[in-house]
Amino acid sequence: MTDALAPAADAHETGPSRTGRSGAHATLRHVAGRVGGALLSLLLVVVLGFLLFRVVPGDPVVAMTRGRPMNAELIAEMRARFGLDDPLPVQFLEHLGQLVRGDLGTSYFYRRPVAELIGERVGPTLLLAGTSTVIAVALGLWLGVRSAWRRASRFDQISTGVALTLWAMPTFWLGLLLLVVTGDLFPSGGIRSSGTPPGLLPEILDVAHHMVLPCLTMIAVVYAQYLLVMRSSLLEEMGADYLITAKAKGLRDDQVRRRHAVPNALLPTVTQVFMHLGLVVSGAITVETVFSWPGLGLLTYEALSGPDLPLLQGTFVVLAGAVIVMNLLADLLLRVLDPRVRAS
Amino acid sequence: MVTVRARRWSLAAVVGVLGAVVAPAATTPVAAAQPVGQQGVTLRVALTRQVDSLNPFLSITQVGTEVGRLMYDFLTAYDPKDQRPVEGLANGWTTSDDDLTWTFTVPEGKKWSDGEEITAEDVAFTYNLMLTNEVARTANGNFVANFESVTAPDPRTLVVRTKTPQATMLALDVPIVPEHVWAGVTDVENHANDQAPVVGSGPFLLAEHRPNEFIKLTANPNYWRGAPKISELHFVSYKNLDAAVQALGKGEVDLINRLGPAQYDSLRDADDIGLNKGRGSRFNELVFNSGAATSTGEPIGDGHPALQDVRVRQALAKAVDVDTIVERVNGGYAEPGTGLMPPSNARFHFTPARPRTFDLDAANADLDAAGYARGADGIRVGPDGRALNLRLVGHANRAYDEQAAEFLKRSFADVGVGVDVQLVDDNQLNDTSTSGAFDLLFSSWGTNPDPDFILSLHTCARRPNAAGTGGTTDTFFCDETYDRLYAQQATEVDQDARAEIVKEMQQRFYDQVPAVILGYDNVLEAYREDRFASFQVQPDPGGSIMEQNGVWGYYGATPTDAATAPRGTSTGLVVAVVAGVVIVLAGGAWLIGRRRRATAEDRE
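As you go down the protein sequences, you meet chains A and B in turn.
Residues in the first sequence are numbered from 547 upward in steps of one, following our numbering.
Residues in the second sequence are numbered from 30 upward in steps of one, following our numbering.
For the record, the hints were derived by calculation from the structure and aren't laboratory data.
Note that this is a predicted model, so its numbers are computed, not measured.
Note that CB positions come from ideal geometry on N, CA and C, so glycine has one too.
Hints are not guaranteed to be accurate.
[Unchecked claim] Which residues of chain B face chain A? A few of them, derived with a C-beta cut under 8 Å, are: (1) G69; (2) T71; (3) D81; (4) K110; (5) D111; (6) P114; (7) T161; (8) E163; (9) T167; (10) V214; (11) F243; (12) N269; (13) D271; (14) D460; (15) T498.
[As the list claims (entries may be wrong)] Computed Cβ-Cβ distance ranges for the label pairs, DEER-style: (16) R697/A with A299/B: 49 to 55 Å; (17) W713/A with R403/B: 51 to 57 Å; (18) A425/B with G665/A: 56 to 62 Å; (19) D730/A with H209/B: 29 to 35 Å; (20) T180/B with L598/A: 26 to 32 Å; (21) N494/B with L598/A: 25 to 31 Å; (22) L270/B with G643/A: 37 to 43 Å; (23) G665/A with D127/B: 52 to 58 Å; (24) L270/B with R697/A: 42 to 48 Å; (25) A425/B with G643/A: 35 to 41 Å; (26) I704/A with A591/B: 48 to 54 Å; (27) D730/A with N418/B: 51 to 57 Å; (28) L712/A with A299/B: 56 to 62 Å.
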């Protein structure tokens, strides 16, 4: 109670010069609070990830060794090496200790450090998800602005209708459909062909060639959400008085839209984009499966069959971490972008 | 002004990227068929499952070991025709009178890929590493578990002493590694072994490994059986079979396997696609919970007690219509089941003297005679008053389980037994089977040329320990006669005598019915016949190209004349690049021009 009152009283006594500092103080506290919250979420994710995957049915050693000549001693050796026979609290402490040291453990299946595996896969996923998101955001915003500006026009009806139809399509199905429809134009999977001649240019072309279909699929399925947010927030702005003023000043329609309406309407959209960024990586799972894209989503999916516990925990922490970090960024960015948030 | 220029450039860049991406499409089929500047033919194989590791001591998956055996030969190999043991690194062997000492000869003239001579010392080093290093026995420890000592008194002679006579001494599926390389590997666990050059002895050598993308192997020109007829072998990863089938159709890969009956049939009329239906080594079975227990005999799980009565199991086996399941569920692509060894393994395959036939009347009569009378609802009731309602557990992701379950449900209903089908995911199913929490269960196993492992699964010792772990059985079968015969065959070094014991064991299994073998799946494979004329199948005739017990399929791949003919592929790529650049420039110029016009209008 006293705490809450103190800064206000301070500000009153010492006048305007203190207001700036108290503002900075508030900002700092806000940032610290958000970062602290994010760290707490991350800790919860770690605990949850550990417990969740212990509940998942299945014995990793049984799944791995099935159908291979194995005797009881070998199986016992393997269990001991994976630490599967230790009591749960011991396993958890071990896991926590590893995490603190930045070690995500060793995959049961690949027999390689989880961090290394994730590092290997994060590039392709970022390339695919990043490219598609950038294009989807650009496309969504552009179409959204046009649609809102000419609301209920044929353009609006068609573009919104198409976007919603694509959004409703199952990703898996759309991907396979594209694969069949495009015939021989694009490769049916992977990130590069095994027979590409060495050299930077052929490799870049090869990767780009492989990226077309997965990118198209991802864009088609997600761009609608950006379009709709942009469209609705611009529609809200369109009745505002300042736009009438701008028009009255004699500005052309195009200028009113570009310089006045869109910047204001962009705020909720930016938040939305950042909220989605965190989910983009996990959202790539289906696309990666259809197009055999060697990314993180696929790695997670593979880890589930086993279950490859260290790999599952690792990918879970990384994927959930991405969401938390992006949410944090959205929070902080909104404060920078919007003076109203800062003031409140 | 600055912003306008920046905008122009960014637009030009976008157009450029689009142009470059679309341009290669026009020429890719040509470009992909053969890399620039490469002599000879590349065989590209689609893999639909993951390679775990290329370290031969750690690789445990079927596909990982399949790639591994192309790089490292074993001490002995399996004949492509009838799978009998033939020359591997060793070309001769003798046993002592007490069958405890085996002496192998590793002949002169076989070389590692770096030119070093392959010696008996390399073999001794490999086996001894597994005997002394826990990590090194991860994948193949079972093969050396009965070894007393391994020595190489001279570079040509390997002497293995076993604790008890061991029937599987010519079926040691252990990749032999070069001592001069692996003696320097201090940490086997963290040795990925995937950086070329990897010194090997097999027909192919590792050139490049991009995990989850592809594995490139090149032909080993010094392979002791002679160089392969192809120059490169690529394994390309696909995450789903449908995409792999597409890739075959487009000519991106040359060979795929594990096709389902529907996919196989759909390729029947496709151009340039050859098909191979081989006799497989895998079987599907219906397991009865005949009394799950731990290795100490402590009962576990909650199986229906009626199934512990062998008369019930025998009667129910008569209500399993094996032929119809093969015809309808396998689409005819299987052979009806009898014993644990498939017909493709002629030496150990068993045909019952009095085969069981599908006979509902006989099944009903047997159940009546055993005292399981029908209740008011038509379901039979056991002497303990429990109705014969059985849970049938299967894999949710296998169409086979779902469809076969329907046939079983119908015919079991006709003999007064209720079936509740529960399809669950693989992990759940593993848990259910190891804990004995089922009545009926679908299971499937692959078999090796040597019957020891598949027979061992049904011995008392393979049941889980008191903690419920370490078990490998799913029948929980524990039968004195069967166990005695198992011990007998394990030490019978004369393979013909051993085959008789193995058949006797399968007869016992057949009579006691811990499981009904439903059928041996055919192996369904497809390849580009415009590029490849033939492959060496195993067994021959009627075998498979991939997933063999050997390297024959890839090693014996013979390209067509058309595939070996040189082509001007580099021209294709050059045209693609030039076309791409032209599109980029044209698009950029157009956009900039348009932009300029637009700005001019703006200024008005």
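Hint-by-hint comparison with the structure:
no. : hint                           : verdict
1   : G69                            : violated, 13 Å
2   : T71                            : holds, 6 Å
3   : D81                            : holds, 5 Å
4   : K110                           : violated, 24 Å
5   : D111                           : violated, 22 Å
6   : P114                           : violated, 16 Å
7   : T161                           : violated, 13 Å
8   : E163                           : holds, 6 Å
9   : T167                           : holds, 7 Å
10  : V214                           : violated, 14 Å
11  : F243                           : holds, 4 Å
12  : N269                           : holds, 6 Å
13  : D271                           : holds, 7 Å
14  : D460                           : holds, 4 Å
15  : T498                           : holds, 6 Å
16  : R697/A with A299/B: 49 to 55 Å : holds, 51 Å
17  : W713/A with R403/B: 51 to 57 Å : holds, 56 Å
18  : A425/B with G665/A: 56 to 62 Å : violated, 33 Å
19  : D730/A with H209/B: 29 to 35 Å : violated, 48 Å
20  : T180/B with L598/A: 26 to 32 Å : violated, 51 Å
21  : N494/B with L598/A: 25 to 31 Å : holds, 27 Å
22  : L270/B with G643/A: 37 to 43 Å : holds, 42 Å
23  : G665/A with D127/B: 52 to 58 Å : holds, 55 Å
24  : L270/B with R697/A: 42 to 48 Å : holds, 47 Å
25  : A425/B with G643/A: 35 to 41 Å : holds, 37 Å
26  : I704/A with A591/B: 48 to 54 Å : holds, 49 Å
27  : D730/A with N418/B: 51 to 57 Å : holds, 54 Å
28  : L712/A with A299/B: 56 to 62 Å : violated, 31 Å
Going through the hint list in order, the structure does not satisfy hints 1, 4, 5, 6, 7, 10, 18, 19, 20 and 28.
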